[in-house]
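K.L.:
Chains X and P, in that order, give the protein sequences. With our numbering, you'll find the first sequence wraps up at 721, consecutive numbering, no jumps. With our numbering, you'll find the second sequence wraps up at 317, consecutive numbering, no jumps.
Calculated directly from the structure, the hints in this document are not laboratory data. Please read these numbers as outputs of a predicted model, since none were measured by experiment. Be aware that one or more of the hints could be misleading.
[As the list claims (entries may be wrong)] Straight-line Cα separation of at most 25 Å, SDA-like style, residue types lysine to any residue; simulated pairs:
(1) X:Lys556 to P:Asn73
(2) X:Lys334 to P:Phe82
(3) P:Lys72 to P:Arg117
(4) X:Lys485 to P:Arg117
(5) X:Lys719 to P:Arg209
(6) X:Lys267 to X:Gln178
(7) X:Lys267 to X:Ala216
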Amino acid sequence: MKDNKKSSLLRSLSIGLAVLAVFVIYAYGFEVTKVNLEELRSEQRQTSLVRVTRALSQPDFFEYEQESQIVNAMVYVTCPADGSIPQVETPETTEPYITVSPVCAKAGEIVIVEGYNFAPNAKGPVRFVPGSDPTNLVELGNDVGQTNAEGYFKVEVKLPNRPSDEAQFIRATIRKNVGAPKFTQTAKDTWNKIIETVFLALLATTLGTILAIPLSFMAARNLMKPVRSPLASISLSTLGWPLGFAMGVYLVKWVSNFATPYTTNIVINLLSVVLIPIILSYVVRWALPQDNLSSTTLQVRLIRLAVLLIGVLIGFFGLYQLSGLIMNLGSGMAKTLGSLAFLGRFFIQLGDILKVSIPVIAALAAGGVLSNLLGKIGQRASEKLNISTVRILNLVSAALAGAVIFGLLGWLVEWLYQLGRPELTFWTPVIVGAVAGLLLALFTKPKDTLPIGLVIYTITRTILNTLRSVEALVMAIVFVIAVGIGPFAGVMALGLHTIVSLAKLYSEQVESIMAGPLEAITATGANRLQTIIYAVVPQIIPPYISYTMYRWDINVRMSTIIGFVGGGGIGFLLQQNINLLNYRAASAQMIAIAVVVSLMDYLSSVMREKVV
Amino acid sequence: MLQVKNLTKIYDGGFKALDNISFEVPKGQFLAVIGLSGSGKSTLLRCINRLIDPTAGEIFWDGDNVTAATPEELRRIRRKIGMVFQHFNLVHRSKVLTNVLAGRLGYVNPAWSLINRFPKEDTEKALKQLERVGIADKAYHRADELSGGQQQRVGIARALMQDPNMILADEPVASLDPVLAHSIMKHLEEINKNDGVTVLCSLHFLDLVHKYADRVVALNQGKIVFEGLPNEIDDQKFKDIYGRDAERVG
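Next comes chain P alone, as it looks inside the complex (with noise of 0.2 Å):
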C-alpha cells in the first residue's frame, strides 16, 4: 500500500507546486492522476520514489519509509519502483537490449555492471520482458532507431526488469497517436491484472481514465480537488478539475 501524508513541495524559485496532499493506493489499484499541465502531476509522480525530494510530508511503501530513507535504502526502494516517461527517457545510442538491461543495475553488482556485463538470467529475462511487449525483433538495434510506439514499449520492458510492485507512468501516452495510446496502455493495464502490480499513472485524455483506471486523483494547483472513481467525473466535478472554460472533449 501506498501512503502519502501532507506531501508539500516547494520548488526553490518559492513556486509551491505541492501543497499538503494525502491520499492512500491499496495494492494492485490503476491510480489515474489529473489535472491541467503545471498542475503538479509530474511533481507528485517524482516524490514518490524521490527524483524531486519533497520540502514536507511523508510517504510510505510497503511500510517503508521513503521520505526518511537512506541514499543506500532509498536505492533499494526505488528498484521495486519502475518508471515509465513521457519522452520515454531511452538511452538513444546504446541498444534496445541494453536499454532494458538498464533496469536490473539497481540489482546486479555493480562492479561487473561498469564493464556491461550482465547475468545470463537477466538477459534471458529482458529478452523475454521485450517479446511480452512485441518487439523481440528489436533488441539489437539502436533505440533511435525505433518509433515512438516502440521506444514506449522498451520503457515498459525496462520497468518490467525491475521486477515492480509498483509503477509510476508519467503521461506515457502523451507524445503517442490514441492508436498506440490504448496498445500502451493495454500493457500497462496487463501488468496491473496479471502481475499485480499498483500502476499511478497520470493522463491527459478523460476517456483513457474511464477505460483504465479503477480510481481518479484530480490536482489543480497542487491541491487535490477531486477523488473517486471514474464514472464520477460529472460537469461539474470536470470544471471544478479544469477551470471554468474548459470544454470536454473526450
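This is chain X alone, in the form it adopts within the complex (with noise of 0.2 Å):
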C-alpha cells in the first residue's frame, strides 16, 4: 500500500516535470522563431497585408479594351484674398462634365466633385491636378469615381497642400471596358509555362523510372542475400566492367567512324533499318537456340560467340543508320510542316539521343558481358581446379581487382581536387588495393563463397540514402552550372531525385512480395535472372504503377517551385512576379498551380484504379 503511494507520488512528479519541460521546449521554440502578434496588428503590417490579399484575390487572367473619358474642372486651393468666389457654368451638353462644389477651399477641405453623362457603371480615378497647366500629368489623390446607371458619380475629394492663386484642377478619368474580354500577357505567359510545368515533370518521372527499376533490385535484400560467389569469380567479373567499359567504347568508335559517312544518306539508312533486323534476326534464332536441352562442342559454341558478335557490331551500325533516318525525317518533317515543325524538332532530338546514347549502350553492355563471363570463368575455375591453383589464382585477380578499383577512385580523386602528385593519387591507391585485394585472399578458404549479394546492396543503399538526403532543389542548382538555366536542369535535377527516391520505394515492394513463388520459381531450375522475372516482376508491377503515379504528382508539384533556382518551369516567373510585387500575376500563377496539381492529383487517382 505504501509503496502505491510512493510510486503513484513519483509518478505525478515526473508527469508534472514532463509538462514543465514541455512549457520550456515550446517558451524557447518561440522565442526563436520569433513569434510576435504584436507585428501583425501594426497598422502598416495590416494595410499591406489588406493590399496584397487583394491583389491576390484578383487573378490577371482576363483584360478588356479600355476607353477612357477624361474631363478637367477648375477649382481653386485657398478662396481668393478679396473674397470673390469664382463663378463657374454649368454647361447645358450632353457631354461628360464635371462640377467642383464648392469652387475654392482651403488645403485639407473637402469638396464634393460630381460627374454627368459619363459612360454607365464604369469607373475611374478622380484627382486632384497640380499646378494650372490642364494637360499636367501629375495626379494626387485616390479617390475612384463609380458612375450609375445615367452615368453620374458624386465623389467626396479632400484637396492636398498645394495652394496657389490661380485656378488649379480636377480630373476625373473614367474608363469603360469596350467589346468581349481577353487573356492578358500574364494569362499566356502562365499557360506557356505550365504546359512546361507538366512536361518537365512528366519527362523527370520517365527517366527515374527507367533507372530507378533495375537500382530496386539491387537494393533488395531478400534478392541480393543469396547471392554468392567465390573470391576469384567476383574478382574476375569486377576487372571485367572497366575492360568491358573499353572495348565497348572502342568497338562502338569504330562502328560510328565506319556508319558515319552514310547516315546523312537517307536510302542508305531505310535500306539498313529495313535490312538489319531481318538478318539479325537470322542470326540470332541460329546462334541462340530455343532448346537449351542439346549439349553443344566447344567449337560450336566459339562460332555461335563470334557470329554473336558480329551481329552486335552490324546491330550497331543499324542504329548509327536508324538515328541518321530519324534525324533525317525530323529536319525534312521540320522545314515542311510549318505550324507542327515541333513534331520534326521532337525527332531530330530523338535522333540526336539515340546517337548519344549508343556509346553509353555499348559500354554498358560490354561491360555487363564480359563481366559476367570471366565471372563465370572464375566460378568454374574455383570448382574445377584443385585448391593450390585456386589459391594462386584468387590471390592474382583479388590484388588486381583491388588495384583497379582503387586505382580508379584515386583517379576520381585527382579529377575533383586537381592534386597533381600522381605517387598519391595513382601509386599508393593501386598498392593498397593490391594489399587489400591479397589479405582478402590469404584469409578466405579459396573455395569458399563470400556474400557478394550483400556487399552491393550496403553499396547501393548507401549510395541511395545519401542521395536521396539531397533535396531536389539543391540538385536543381548543381545542375542548373551543369547544363545551364532551363527547364532542363529541371529535367536532370527532379530525374535523379526520383531514381534515388523510387529505387528505395520500389526495393522495398520488393522485399515485401511473398516467398512462396519465389522458391518455387527457383525450385524449377531456373537461374537468377529467370527467378526475378517470372517470380519476383509479376508480382510488383501494380506497386511499381502505383508508386510511378505518386511520384509524378510530386514532381509535378516539386517542379512548380523548381524555377525558384532556374530550372524552368512556372517557379520562375512566380518568383519574378512576387519579387517585382505584381501580386495579381502571381495571383494567376498560384492558381494554376493550384489547378494542375489538383488535376493531377484527380487523374493519378483514376489512373491507379484502372490501371491496379
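Relying on the hints, combine the two individually framed chains into one complex.
P.N.:
Listed below in C-alpha cells is the structure:
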C-alpha cells in the first residue's frame, strides 16, 4: 500500500516535470521562431496585408479594351483673398462634365465632385492635378469615381496642400470596357509555363522510373542476400566491368567511324533499318537456339559467340543508321510542316539522343557481358581446379581487382581535387588496393563463397540514402551550373531525385513480395534472372505503377517551385512576379499551379484505380 | 535412387531442424514423411533440392552428389526434381499457362525465356499437362482466379513440365478439404504409378498415408523415429511419433 502511494507520487512528479519540460521547449521554440503578434497588429502591416490579399484575389487573367473619358474642372485651393468666388457655369450639354462644389476651399478641406453624362457603370480615378496646366500628367490623391446607370457619380475629394493663386484642376478619368474580354499577357505566359512544368515533370518521372527499376533490385535484401560467389569469380567480374567498358567504347567508335558517312543518305538509312533487323533475327535464331538441352561442343559455342559478336556490330551499325534516318526525317518534317514543326524537332532530338546513347549502351552492355563471362570463368575455375591453383588464382585476381578499384577511385580523387601528385593519387591507391585484395585472398579459404550480394546491397543502399537526403532544389542548383538555366536542368535534378527515391520505395516492395513463388521458380532449376522475371516482376507491377504515379504527382508539385533556382517551369515566373510586387500576376500563377496539381491528383487516382 | 546420409541442418539461430538423418528411397517409390509440425519435414524436403543448404551430410540422387553440386550442376539436378507446395506458390498475377510453362525454365534458353518466349512444343505440352490434371479450360485465366484445389493442380502440372523423375510434395493437401485432398493425392499416385516418378510426400493424416504411401519415414524433433510400412504404425509407434498425449483421429 505504502509502496503504491510512493510510486503514484513519483509518477505525478514525473508527469509534472514532463509538462514543465514541454512548456520550456515550446517557450524556446516561440523565442527562436520570433512569434510576434504585435507586429501583426501594426497598422502598416495590416494595410499591406489588405493590399496584397486584394491583389491576390484578382488574378490577372482577363482584360478589356478600355476607352477613357477625361474631363477637367477648375478648383481654387484657398479662395482668392478678395473674397470673390469665381463663377463656374454649368454647361448644357450631353458631353461628360464634372462640377466641383464649392469651387474654392482651403487645403485639407473636402470638396464634392459630381460627374454627369459619363459611361454608365464605369469607374476611374478622380484626382487633383497640381499646377495650372490642365494637361499636367501628375495627379494626387486616391479617390475613385463609380458611375451609376445614368452615368452620374459623386465623390468627396480632400484637397491636398498645394495652395496657389491660380486655378488648378480636378480631373476625372472614367474608363469603360469595350468589346469582349481578352486573355492578358500574364495569362498567356502562365499557360506556356504551366505546360512546360507538366512536361518537365513527365520527363523527369520517365527518366527516373527507367533507371530506378534495375537499382531497386540491387537494393532489395531478399534478392541480394543469397547471391554468393567465390573470390576468383568476384574479382574477375570486377575486372570485367572497366575492361568491357573500354572495349565497348572502342568497338562502337570503330563502328561509328565506319557508319557516320552513310547516315546522311536516306536510302542507305532505309535499307539498313529494314534489312539489318531481318539479318539479326536470323543470326539470333541460329546463335541462340530456343532449346538449351542439346549440349554443344566448345567449337560450335565459340563460332556462335563470334557470329553473335559480328551480329552485335552490325546491330550497332543499324542503330547509327536508325538515328540518321530519324534525324533526316525530322529535319524534313521541320522544314515542311509549318506550325507542326515541333514534331520534326522532336524527331531530330530523338535521333540525337539515340546517337549519344549508343556508346553508353555499348559500354554498359560490353561491361556487363564481359564481367558476366569472366565471373563464370572464375566460378568454373574455382570449382574444377585443385585448391592450391585456386589459391594462386584468388591471390592474383583479387590483387588485380583491388588495384583496379582503388586506382579508379584515386583517379576520381585526382580529377576532383587536381592534386597533381601521381604518387599519391595513383601509386598509393593501386598498392593499397592490391594489398587489400591479397589480404582478402589470404584470409578466405580458396573454395569458399563470399556474400557479394550483401556487399552490393549495402553499397547501393548507402548511395541511395545519401543522394535521397539531398533535396531536389539543391540538385537543381548544381544542374543549373552543369547544363545552364532552363527546364532541362530541372528535368535532370528532378530525374535524379526520382531515381533515388523511387529505387528505395521500389526495393521495399521487392522485399515485401511473397517468398513462395520465388521458392517454386527456383526449384524448377531457373537461373537468377529467370527467377526475377517470373516470380518477382509479376508481383511488383501494381505497386510499381502506383508509386510511379505518386512520384509524378510529387514531380509536378516540385517542378512548380524548381524554377525558383533557375530550373525552368512556372516557378521562375512566380518568383519574378512576387519580387516585382506584381501580386495580381503571381495570383494567376498560383491558381494555375493549384489547378494543375489538383487535376494531377484526380487523374492519377483515376488511373491507379484503372490499372491496379 | 535417393540416398540421404547423415543429414544435419542447424539454422542460423542454432535451432537443430535435422539431426543426423539417413535413409534411402528406391526408384519409383511413394514415400510418406510424417511427423508433428516443426519436426523437420519441410526442411528435409527442401534440403533434397537444396532450397535450403544442409549444414552437414550428403545427398545422392541418381548417382549425382546434390550437396556438392556447383550452382550450374544444381540447376541441372533441380530441373529433374518437381516440387509441389502446401500453399501452391503460384504467381498470382500470371496466367495459368505461364505458371505451368515456368516448369520449363531450367530447360529453355534463358535469353528467350526472359521475353516470355517458349518453344511451341513446350506450350503444347503445357496444355496437355493441364488437360491431364483436368483444368485445360482454365489455361488463360489468371492464377488467383482459381480455387485452392485448382491451384494445386496447376502446381502439379508445373512440376510435370519438368519431366521429373522425382517429385517433392510438401504437405500438398494440408490447405484443402478432404475430398479435394483425395483427388490431389490420386493425381500424385497416378504420376507415381504410370510414369514411375519417385514421390516424397509429407503428410499429416494417417488415412492418406495408409491409402497412398508405399513406405513411411517419421520424424520427431529432427530425428527419424520410425521407418517402415504404413500398416506397421501401431498405437505404440504412433505415440513415439506424435508424443504421449496424441490421439488418433484418422
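K.L.:
Does Arg209 (chain P) sit within 25 Å of Lys719 (chain X), going by the straight-line distance between their CA atoms?
P.N.:
Holds, at about 17 Å.
K.L.:
Take the C-alpha atoms of Lys72 (chain P) and Arg117 (chain P), compute the straight-line distance between them, and say whether it is at most 25 Å.
P.N.:
Holds: Lys72 (chain P) and Arg117 (chain P) sit about 14 Å apart, inside 25 Å.
K.L.:
With a cut-off of 25 Å on the C-alpha distance, tell me whether Lys267 (chain X) and Gln178 (chain X) pass.
P.N.:
Status holds; Cα separation ~22 Å.
K.L.:
Within a Cα-Cα threshold of 25 Å, do Lys556 (chain X) and Asn73 (chain P) meet the stated pairing?
P.N.:
holds, 23 Å
K.L.:
Holds or violated: are the alpha carbons of Lys485 (chain X) and Arg117 (chain P) at most 25 Å from each other?
P.N.:
holds, 21 Å
K.L.:
Are Lys334 (chain X) and Phe82 (chain P) close enough, with their CA atoms no more than 25 Å apart?
P.N.:
This hinted pair holds, its Cα atoms lying about 20 Å apart.
K.L.:
Taken at face value, is the distance from the CA of Ala216 (chain X) to the CA of Lys267 (chain X) at most 25 Å?
P.N.:
OK: Lys267 (chain X) and Ala216 (chain X) at ~8 Å, within 25 Å.
Against the hints set out earlier in the document, no violation occurs for any number.
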